[in-house]
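What follows is the residue order along each chain.
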Amino acid sequence: MSKNNPTKLPMNRRDFIQTCAVTGLGLAGGLSSLPVSAKPKVTMGFIYVGPRDDYGYNQAHFQGKTALAKLDWAKAVDEENVPETIEVQKAMESMINLDGTQVLFPTSFGYFDPHILAMAKRYPKVTFLHCGGLWDESKHPKNVGSYFGYIDEPVYVSGIVAGHMSKSKKLGFIAAMPIPQVLRNINNFTLAARSVDPNITTTVVFTGSWSNPVKEAEAANSLIDQGIDVLTCHVDSPKVIVESAEKRGIFSCGYHTNVAALAPKGFLTGAEWNWSTVYTQYAEMIRDGKPIPNLVRGGLKENVVKVSPYGSAVTPAAKAAADAVIQSFMDGSMVVYKGPIKDNKGREVIPKGTEYAQTDIWLESMDWLVEGVIGTT
Amino acid sequence: MSGQDIGLWSVLIAVLGGAIRVGTPFIFVSLGECLTEKSGRINLGLEGNLVMGAMVGYATSYLSGSPWLGVLAAAGSGCCLGLLHALLCQHKRVNDIAVGIAMMLFASGLAFFYGKPFIQPSAPRLPSIGFGNWSDSPVVRAALDINALFFIGVILAPVMAWFLMRTRWGNSVRVVGESSDAALAMGISIHRVRLLSTVAGGAFAGIGGAYLSLYYPGSWSEGLSSGQGLMAVALVIFARWNPIYCLYASLLFGAAAALGPALQSVGIHSGYYLFNAAPYILTLAIMIISSDRKGTLGGMPGELSK
Amino acid sequence: MLNLRETWLISLGALTVAFMLVGIFFASTGNSPFEVFYTLYRGAFGSWFSWQNTLVRAAPLMLTALCTVLPARVGLIVIGGEGAVVVGGLCSTLVGLALRDMGPFTVITAMVLTGALTGGLWIAAVGALQYFRNVNETISSLLLNYIAIAILNFLVIGILKDPATLNNPSTHAIGEANMIGNIGASTIHWGLVYGVVACVGLWVICRHSVFGFAADVVGGNIRAARLAGLPVVKILLWCCFLGGAAAGLAGTLEVAAVHGRANNGLNAGYGYAGILVAFLARHNPLAVIPYAILLGGIQASGGLMQRAHNLPDATVYVIQGIIFMVILTSELFYGKFRWLHATREAKS
Chain A
1 MSKNNPTKLP MNRRDFIQTC AVTGLGLAGG LSSLPVSAKP KVTMGFIYVG PRDDYGYNQA
61 HFQGKTALAK LDWAKAVDEE NVPETIEVQK AMESMINLDG TQVLFPTSFG YFDPHILAMA
121 KRYPKVTFLH CGGLWDESKH PKNVGSYFGY IDEPVYVSGI VAGHMSKSKK LGFIAAMPIP
181 QVLRNINNFT LAARSVDPNI TTTVVFTGSW SNPVKEAEAA NSLIDQGIDV LTCHVDSPKV
241 IVESAEKRGI FSCGYHTNVA ALAPKGFLTG AEWNWSTVYT QYAEMIRDGK PIPNLVRGGL
301 KENVVKVSPY GSAVTPAAKA AADAVIQSFM DGSMVVYKGP IKDNKGREVI PKGTEYAQTD
361 IWLESMDWLV EGVIGTT
Chain B
1 MSGQDIGLWS VLIAVLGGAI RVGTPFIFVS LGECLTEKSG RINLGLEGNL VMGAMVGYAT
61 SYLSGSPWLG VLAAAGSGCC LGLLHALLCQ HKRVNDIAVG IAMMLFASGL AFFYGKPFIQ
121 PSAPRLPSIG FGNWSDSPVV RAALDINALF FIGVILAPVM AWFLMRTRWG NSVRVVGESS
181 DAALAMGISI HRVRLLSTVA GGAFAGIGGA YLSLYYPGSW SEGLSSGQGL MAVALVIFAR
241 WNPIYCLYAS LLFGAAAALG PALQSVGIHS GYYLFNAAPY ILTLAIMIIS SDRKGTLGGM
301 PGELSK
Chain C
1 MLNLRETWLI SLGALTVAFM LVGIFFASTG NSPFEVFYTL YRGAFGSWFS WQNTLVRAAP
61 LMLTALCTVL PARVGLIVIG GEGAVVVGGL CSTLVGLALR DMGPFTVITA MVLTGALTGG
121 LWIAAVGALQ YFRNVNETIS SLLLNYIAIA ILNFLVIGIL KDPATLNNPS THAIGEANMI
181 GNIGASTIHW GLVYGVVACV GLWVICRHSV FGFAADVVGG NIRAARLAGL PVVKILLWCC
241 FLGGAAAGLA GTLEVAAVHG RANNGLNAGY GYAGILVAFL ARHNPLAVIP YAILLGGIQA
301 SGGLMQRAHN LPDATVYVIQ GIIFMVILTS ELFYGKFRWL HATREAKS
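Residue numbers (the numbering used here), protein chains in the order written: chain A, 1 to 377; chain B, 1 to 306; chain C, 1 to 348.
Please keep in mind that the hints were generated in silico from the structure rather than gathered at the bench. Virtual Cβ for every residue (Gly too), placed ideally from N, Cα, C. Honestly, I wouldn't trust all of these hints.
Dumping the calculated DSS-like pairs for lysine-lysine here, alpha-carbon to alpha-carbon at most 30 angstroms [claimed, not checked]:
(1) A:Lys142 to C:Lys161
(2) A:Lys139 to C:Lys161
(3) B:Lys92 to A:Lys265
(4) A:Lys352 to A:Lys342
(5) A:Lys121 to C:Lys161
(6) A:Lys70 to B:Lys92
(7) A:Lys290 to A:Lys125
(8) C:Lys336 to B:Lys92
Computed list of chain A residues with no C-beta within reach of chain B, every gap over 10 angstroms [to be verified]:
(9) Gln63
(10) Pro141
(11) Arg287
(12) Pro291
(13) Ser328
(14) Ser333
(15) Val349
(16) Leu363
(17) Gly375
Quick look at which bits of chain B chain C covers, simulated, 3 or more residues with Cβ under 8 angstroms [unchecked claim]:
(18) 86 to 93
(19) 102 to 109
(20) 273 to 287
With the hints as extra help, turn the sequences into a complete structure.
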């Protein structure tokens, strides 16, 4: 009676009832015990906060999970549209108890506190890996870990291309909420564009929600009305924004996944996650019984994030500049936050001579917008 | 004026454009609800019609390649849902409002369920007519880039007003809505009139939904509707059950919804959540102001309050 | 008056028909209905773990259902549970933060009272608007939902934000010590008890108290109630208040038993599911309990259905919708079957 394969019950009515009884008894016994059958497969569970085919954040994770499904020694189950409430705790428990998952990947930021922490305390033998980078050795249990990608690196590259391609010198950024990860992307995009031309500005519109198609379309149109000719975003799904940009005939840069198909004429490049790298690495570690590191980060160099292939509109000069920047990320020579940097209120946030490396924790509590960004946090 | 930031003036143009863009679904749903309520029945399930219409329209357009076929299919799905609502509400013991809420949940659920395969693909969209092409300014051009459905909606409003006031059928609808006793005395079949009104209303709501997925924002996803169907019911009350006022109110709402992003793009950033809540606050304020202690709202069909 | 036999028979009959339709729906997706029902059962009631999952989800539904049940008994259809949850949760968090160091008993008591009070006032406002200004209560309560959520987001991202929660904006935490714990060794928090007590208590009031009887009269025929000299306004407003208080309490529990702080997670859809439970229970507070458990169970099994049969999460909505529609249709049959009323007829 394998609880790992609940899909097909190859039995008649009598056996069916017996199965119910025995399974019920078996499950009633162990809350914290893992399934008894020998596990040749590494079982991993994924939880997404939104639909898995949203062309965005969740789809990126889903693509990572699909890569795992190709490995015959790994098994991955997933659940989508799980909100950040007690429901995700129950979803995790369900995967642990009924599917026998040993590693869980609740992928939305809001799952961490209190949900993952509560579950980690209850199930010390299960590993919980959170996409977001919040794990703190002093505060959090050992069976929790964080992983994240420096997507701001490919966003920087997008900014370089945008800077080259923009004719009006006005860029647009549609963002969900003014949280540090988002602000860092806005700042990277702007710093990169301004490194090409210091007169470039980025106008930001916050929609107030991770997913609201009507607001996103409205924001896109009103930005374009203001003269913006390159649009990018940080919301859960870039589909509406990129399609709106294409309809109005301006350039767009993608985010989360490769959205080139949505904008055949206007697509420049984009920042993509490459979670399959991370997930496969984790799966291999589990298979080989190695201890799992509590903090995994990576950027372009570690292939955790990548730059989308350039669109047909990108000029050779822009490509060359972008490629050079990618190279500098790869060999570690690129420092984005190098003083003097002022924020858009005129205050100096990074003095001359100070530099912040990519991994510097200070950057993760960013609450300011760099000079050249029109908008407030 | 080419590509230049023209500041506050452009906010007004953007709001105008937004009023048309965002207001069009409101026009259809509110006209549909207006017709239904004129016949004496309240249909809260139009939100479900809207979502289902959006999904069906998008799916049909994707599968057939013609967005107009999608609009037609959306109208059809609206008819079916309206029919279901009407059949259930026919019976005295069944509570209209409860059925409406049930239909809303049921239709939305079905739409999400069958719409899963259509979240990713891009379907052919409805075309628009560029009324602003005389202008050099892309802002004006964009604002006046209007979809045909808007015009259909704009024409529909006075047509419906004329229908209700000047035709025999429209008269039957109004009688049934004002007083069922009078309708019985005149030999009008109350059930039939209400059924047809609900079905037609449902069809309009479906078209409104198709507009959302096939034009603006132009994509099918589960977060497409932010309660437009339900707001439209409030709109009808605000508009005093007058189709022409429904049109104006819809444009007003569209403008309110467009205000937030428009202001942000000229740099006015504070309190965007409150801006996002503006349409709802506006509706509530208007309802409070325009409602009357005595209990008879000017223009309200008599049968509605029963 | 209430004919228990009739209610039971028709309710069970309706549920049976509903499940048959659901089975047909499952079959239409290419799955064997028996397998999917088994998965449903497994996810909802198949093990102690599943039961806990179900009960935890049922607890807030019991409370938000009351927000529709009580006003419905006096003839108002209110769907503002979601807004009351948000308002109650937010205000009780503020109180909890203010009193944070005064010991768990004080904090929790204060939070519970605040949540109930503010939630109650929110819905009482809906009732007042209806009575004094004839504003349709269904629409106004719906609009207030959206407004409450907007206020929540505005405050939580703005002035109430705890800087340590930059990436998931929330208020400060009320502190681990001040939170409501779980019942014994289970994962069910005490909110379940609050829910059951509220339902039972309100049922007692509705059925066995003068107030409850008066409310029934108001709900049946408001003019007759006035003629009989009943304080109609007070009854209307109190019923709305009590309903809103229950929902506000649900919001407090979300904060005090689950999150520990107020954030967008308060906007969890409990309000709308509660409406469903209220109508299924035909506005009887006691019947809310089993229906909340039923709906909780369906939702609890949603995840397993996704994983086991690759059915999308929207399946849960479709199932709920079918049940709702069938139960509403079953209203037709009350009073139709004379044999159910046979014992009442005088035997001369």
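Status of the hints after comparison with the structure:
no. : hint                 : in the structure
1   : A:Lys142 to C:Lys161 : holds (28 angstroms)
2   : A:Lys139 to C:Lys161 : holds (21 angstroms)
3   : B:Lys92 to A:Lys265  : violated (58 angstroms)
4   : A:Lys352 to A:Lys342 : holds (10 angstroms)
5   : A:Lys121 to C:Lys161 : holds (27 angstroms)
6   : A:Lys70 to B:Lys92   : violated (58 angstroms)
7   : A:Lys290 to A:Lys125 : holds (14 angstroms)
8   : C:Lys336 to B:Lys92  : holds (13 angstroms)
9   : Gln63                : holds (12 angstroms)
10  : Pro141               : holds (34 angstroms)
11  : Arg287               : holds (32 angstroms)
12  : Pro291               : holds (38 angstroms)
13  : Ser328               : holds (33 angstroms)
14  : Ser333               : holds (36 angstroms)
15  : Val349               : holds (19 angstroms)
16  : Leu363               : holds (23 angstroms)
17  : Gly375               : violated (6 angstroms)
18  : 86 to 93             : holds (count 3)
19  : 102 to 109           : holds (count 7)
20  : 273 to 287           : holds (count 9)
Violation of the numbered hints given earlier is confined to hints 3, 6, 17; the remaining hints are satisfied by the structure.
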